[in-house]
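Same order as they appear, the protein sequences are chains U and Y.
Be aware that the first sequence starts at 1, since it is given in the working numbering, and climbs by one per residue.
Be aware that the second sequence starts at 1, since it is given in the working numbering, and climbs by one per residue.
Please note that the accuracy of each hint is not assured.
Using 25 angstroms as the maximum straight-line C-alpha spacing, the simulated DSS-like pairs for lysine-lysine come out as follows [stated by the list, open to error]:
hint	chain 1	residue 1	chain 2	residue 2
1	Y	Lys-205	U	Lys-41
2	Y	Lys-237	U	Lys-48
3	Y	Lys-38	Y	Lys-99
4	U	Lys-235	Y	Lys-409
5	U	Lys-149	Y	Lys-379
6	U	Lys-78	Y	Lys-217
7	U	Lys-32	U	Lys-146
8	U	Lys-227	Y	Lys-397
9	U	Lys-41	U	Lys-5
10	Y	Lys-379	U	Lys-235
11	U	Lys-41	Y	Lys-217
12	Y	Lys-301	Y	Lys-433
13	U	Lys-76	Y	Lys-217
14	Y	Lys-127	Y	Lys-37
15	U	Lys-130	Y	Lys-155
16	U	Lys-130	Y	Lys-126
17	U	Lys-235	Y	Lys-397
18	Y	Lys-409	Y	Lys-440
19	U	Lys-32	Y	Lys-369
20	U	Lys-5	U	Lys-82
21	Y	Lys-379	U	Lys-246
22	U	Lys-218	U	Lys-146
23	Y	Lys-99	Y	Lys-79
24	Y	Lys-161	U	Lys-130
25	Y	Lys-84	Y	Lys-269
26	U	Lys-41	Y	Lys-211
27	U	Lys-235	U	Lys-169
28	U	Lys-130	Y	Lys-38
29	Y	Lys-413	U	Lys-131
30	U	Lys-27	Y	Lys-205
31	Y	Lys-265	Y	Lys-301
32	U	Lys-5	Y	Lys-205
33	Y	Lys-413	U	Lys-235
34	Y	Lys-311	Y	Lys-433
35	U	Lys-27	Y	Lys-237
Keep in mind that the hints were calculated from the coordinates and are not lab data.
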Amino acid sequence: MKELKLLYLYPDMLELYGDYGNIQILKYRMEKRGINLKLDKYSIGDPKPDFSSYDIVFAGGGADNEQSILSEDLIKYKENIKKAVDEGVFFLLICGAYQLFGKYYKGVEGNIIPGLEIFDYYTEAIEDRKKRCIGNIVIEAKVGEKETKVIGFENHGGQTFDIKTPLGKVLYGNGNKFEDKEEGFFINNVIATYLHGPLLSKNPDITDYIISYCLERKYNEKAILEKLDDTLEEKCREQLLNEFKKENK
Amino acid sequence: MYNSLVIIISKILNLFAKVLCKILKKDNGNMLGRIVKKLSPDILKYLKIECPVIAVTASNGKTTTNNAIRYMLETNGKKVVSNKEGNNMETGIITTLIKNCTLNGKIKADYITLEVDESYVPIIFKKIPLNTLVILNFFRDQLDRNGEVETLILKINEFLKTYNGNLILNNDDPNVARLGRANKDNNNVYYFSVDKYKYASTYQKEAGEGKFCPFDKTRLEYEYYQYSHIGKFKCPKCLYGNEEIFTKITNVDLENQSFYEDNIKYYAKADNIYTVYNFAAVISVSKIYNLDAKESLKTFKLDNGRNEKIKIKEVDTIINLAKNPTGANVSLRMLNEDNEEKELLFVLNDNPADGLDVSWIWDINFEIKNVTRIVTSGKRAYDIAIRIKTSGFDENKIEAYLDLEDAIKALYKTNIKKYVIANYTALQPTRRKLQEFNKK
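Take the sequences, apply the hints, and build the full model.
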């Protein structure tokens, strides 16, 4: 039986917006196809994980307070994480985790939370605390061979700058910054985005891209994924895209 | 002078509003307050309040607890003014008080009891006096509207720094108990707690907030969890979690709907642990004001849509509100504690009052027992259907209908017992459509 290993970072701290759902969806779509998902968790106080030994690393969004506590912890593994990214381990990073993989996060008071500096984007909090990019969002993205409309929900005060390879073009919503044209960060083995929802719940194409990528990397052969019954997902997407189109007019 | 005039005008408006709302078939819960607030933004300051004001705030359980306090006071023969319909923001509270004041702004009552939205506590009680504040719990709730829970708690903490009235706190929620230290000079802080119940667990079953000590950021240790992050916790470093308990509920028996407090046996319609906590708060209030709660809790009925048991076309149907993960988890716990075969209807909307973000449904623990079919509806019928499917429930037994009438019709194709869970704006339309269907 084929198996993929996933490392879930800070499950008790980066879990504010139901992002854990992404793992449940990965597991669901893998198990339907007879692939096992082995899930390991890492949080503060646990023994040092070997990032390179995993196929997928996942981290979500958390409360501001908790994010500053864990950034100190995460930085201890900077070299190990960098190596894993270079070796092609897949990283799915949502919201706060997206920010932590950049150069830094600058808070409202000008305080700097250093990032992992794996990628060279950076994030600054918007001065007005009450102002946040909040709402439904749709982006047009190309992951692998497929172009797809990615549907999610954004809720972030941080504005992320210097993205050279965004995940997609914004069709509806804000994106990396207020009224931005672009959302997220994407390279072959990294999807970093502000999209909650959770991201994978309404975007089976993205989920299947991640699964194919990891299988191909691990087993060194073309992965052909069995088609699943996505009637509910398709109806959901159709309904929401129509709804947002109406609101946009 | 101007404000006296505003009160007179608003009294006249109230008369018109009643007629108007009847014609328009609209709920006038906030309308009067909205108009009055435009005319005089600080109108609350000019009302003459001479009786004690008791307020309840929380993420979950405000309406039930406020109504149980009101009912307890009334059972003790007191005249009470209360926002019993749950209009808990400033305009709703203005509406309640204006409707119940004399032409010169005096509120004629022995007590005022108010449920207040968490973020409105500092705003309302800058303007009117407060004698007792009850805080039940803080859970993640509508993050896109309320922001992070921590932000809300800090706002209330700031308000409490200068508050010296009675403060009744849930000792078993680390996010609530911490507020007892906001003002060291306040000698009127009272903690309530509920002893470990049958379904408590040693690990956290549902997403929650209490993970780190608010004072030194150490990870909290739990002896047990009652539900979500409510339970017996302790900070291993500073020993936070060791408060003196004013009201301690023991021997919780959900089957026979009874519990003990201070050697008195109470019978109350609490068939879930979360209502027991609400009643612990009610008993605390009764003790502070030297009143009796035993008789009133025995006859107190939960509000519409709060574990409401009805028959639709002869089929047993239980309706519950769930506006956040904790609410939904508590409803599903009750469903799991019932061994009969059942079918579930879940109605999910994403209107502004619900929060536009529905990702909270992924924080619901969907391990369900003896459920043979699930129907979903509401504006986000498909989102909740996908959520349930991913939890492992057979996708062929899930039916999603955007239209609520279609969903209800499909639900009652069988006469198996029904559980209905609806979120905030979905609840009343669901109750109404069920009744209409029943009459057909």
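Verification of the hints:
| no. | hint | verdict |
| --- | --- | --- |
| 1 | Lys-205/Y to Lys-41/U | holds, 16 angstroms |
| 2 | Lys-237/Y to Lys-48/U | holds, 24 angstroms |
| 3 | Lys-38/Y to Lys-99/Y | holds, 17 angstroms |
| 4 | Lys-235/U to Lys-409/Y | holds, 21 angstroms |
| 5 | Lys-149/U to Lys-379/Y | holds, 20 angstroms |
| 6 | Lys-78/U to Lys-217/Y | holds, 24 angstroms |
| 7 | Lys-32/U to Lys-146/U | holds, 22 angstroms |
| 8 | Lys-227/U to Lys-397/Y | holds, 20 angstroms |
| 9 | Lys-41/U to Lys-5/U | holds, 11 angstroms |
| 10 | Lys-379/Y to Lys-235/U | holds, 12 angstroms |
| 11 | Lys-41/U to Lys-217/Y | holds, 21 angstroms |
| 12 | Lys-301/Y to Lys-433/Y | holds, 22 angstroms |
| 13 | Lys-76/U to Lys-217/Y | holds, 19 angstroms |
| 14 | Lys-127/Y to Lys-37/Y | holds, 13 angstroms |
| 15 | Lys-130/U to Lys-155/Y | holds, 14 angstroms |
| 16 | Lys-130/U to Lys-126/Y | holds, 21 angstroms |
| 17 | Lys-235/U to Lys-397/Y | holds, 17 angstroms |
| 18 | Lys-409/Y to Lys-440/Y | holds, 11 angstroms |
| 19 | Lys-32/U to Lys-369/Y | holds, 22 angstroms |
| 20 | Lys-5/U to Lys-82/U | holds, 18 angstroms |
| 21 | Lys-379/Y to Lys-246/U | holds, 14 angstroms |
| 22 | Lys-218/U to Lys-146/U | holds, 21 angstroms |
| 23 | Lys-99/Y to Lys-79/Y | holds, 15 angstroms |
| 24 | Lys-161/Y to Lys-130/U | holds, 23 angstroms |
| 25 | Lys-84/Y to Lys-269/Y | holds, 19 angstroms |
| 26 | Lys-41/U to Lys-211/Y | holds, 16 angstroms |
| 27 | Lys-235/U to Lys-169/U | holds, 23 angstroms |
| 28 | Lys-130/U to Lys-38/Y | holds, 23 angstroms |
| 29 | Lys-413/Y to Lys-131/U | violated, 48 angstroms |
| 30 | Lys-27/U to Lys-205/Y | holds, 19 angstroms |
| 31 | Lys-265/Y to Lys-301/Y | holds, 18 angstroms |
| 32 | Lys-5/U to Lys-205/Y | holds, 24 angstroms |
| 33 | Lys-413/Y to Lys-235/U | holds, 23 angstroms |
| 34 | Lys-311/Y to Lys-433/Y | holds, 13 angstroms |
| 35 | Lys-27/U to Lys-237/Y | violated, 38 angstroms |
The structure does not agree with the numbered hints 29, 35 stated previously, though it agrees with the rest.
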